[in-house]
Amino acid sequence: MTNLRNRFAIAALAVLLGACASKGPTQAHFDFGPLPQPAAVTAGSIAPIIVADMTGPASLDSERMHYRLLYADARQQRPYAYNQWTATPLQLMTQRLKARIAQAGVKVLSTTDAAAGAMLLRTELDDFAHNFDSATASNGTITLRASVFSAHKLVDQKSFTRSVPAPTADAAGGARALADAADALSGDVLAWLATLPAPK
373 MTNLRNRFAI
383 AALAVLLGAC
393 ASKGPTQAHF
403 DFGPLPQPAA
413 VTAGSIAPII
423 VADMTGPASL
433 DSERMHYRLL
443 YADARQQRPY
453 AYNQWTATPL
463 QLMTQRLKAR
473 IAQAGVKVLS
483 TTDAAAGAML
493 LRTELDDFAH
503 NFDSATASNG
513 TITLRASVFS
523 AHKLVDQKSF
533 TRSVPAPTAD
543 AAGGARALAD
553 AADALSGDVL
563 AWLATLPAPK
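Throughout the sequence shown, residue numbering follows the working numbering, covering 373 to 572 in sequence.
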């Protein structure tokens, strides 16, 4: 009888420990949220454009969320343990850029259904970071390089950078800052496209 009680006690303890071990911090998934109000850009002069998928370093082709402590070691990228993106930064940026351009009234084409003679927009993401200047102050910084081609010839190329303060010094604040930076950057690209000559 004693052995049976011991077995029950051990089994109950194992179940209790298993339950405690499974109760870690809740995993959070972030994206850029809904589209903001359309940017004040006259898009009527922008011809239909092919928007290729954004490219960038391998570190940005993962759903993991990272941050940098600039005040400690700016060269070290650290992952958030319980937070990640719903898609890779490259995918999120591609989707947001296409959505913002289309929102402005421009016809956005993909590389598979592109019309002959349409301009091609290629973008490369150079930096996508949640940077901490101190333990309590951080910002979301995005840098990309955009190139427009027409008939396989380079029309123009320009680099864009946006840095937005994070409202809170955590993953949620970093996600908000990077989303705002992505929207601001998309507006900058859209304004630049409006200055380029239409394809002949």
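The set of hints was computed from the structure by calculation and includes no laboratory data.
Quick caveat, the model's predicted, so the values are computed rather than measured.
By construction, the Cβ of each residue, glycine as well, lies at the ideal position given by its N, Cα and C atoms.
Some clues are possibly wrong.
To be verified - Only pairs whose alpha carbons sit at most 20 Å apart, straight line, appear in this in silico EDC-like list of lysine to aspartate or glutamate:
(1) K470 <-> D445
(2) K530 <-> D498
(3) K470 <-> D560
Said to hold, decoys possible - Between beta-carbon pairs, the in silico distance windows are:
(4) S506 <-> A453: 18 to 28 Å
(5) T567 <-> L441: 37 to 47 Å
(6) L407 <-> D499: 16 to 26 Å
(7) A507 <-> A570: 48 to 58 Å
(8) P408 <-> A459: 12 to 22 Å
Hints, verified against the model:
Between K470 and D445 the alpha-carbon distance is near 35 Å, which puts this suggested pair outside the 20 Å criterion. With a C-alpha separation of about 13 Å, the suggested pair K530 and D498 falls inside the 20 Å cut-off, and the hint holds. Taken as a hint, the K470 and D560 pair is honoured in the structure, with Cα atoms around 13 Å apart against an allowance of 20 Å. Distance hint for S506 and A453: a CB-CB separation of about 21 Å, consistent with the stated range 18 to 28 Å.
A hinted range of 37 to 47 Å for the beta carbons of T567 and L441 is consistent with their spacing of about 38 Å. L407 and D499 have their C-beta atoms about 23 Å apart, which keeps the hinted 16 to 26 Å range intact. Hint check: A507 to A570, Cβ distance near 50 Å, so the stated range 48 to 58 Å holds. Take P408 and A459: their Cβ atoms lie about 19 Å apart, and the range 12 to 22 Å holds.
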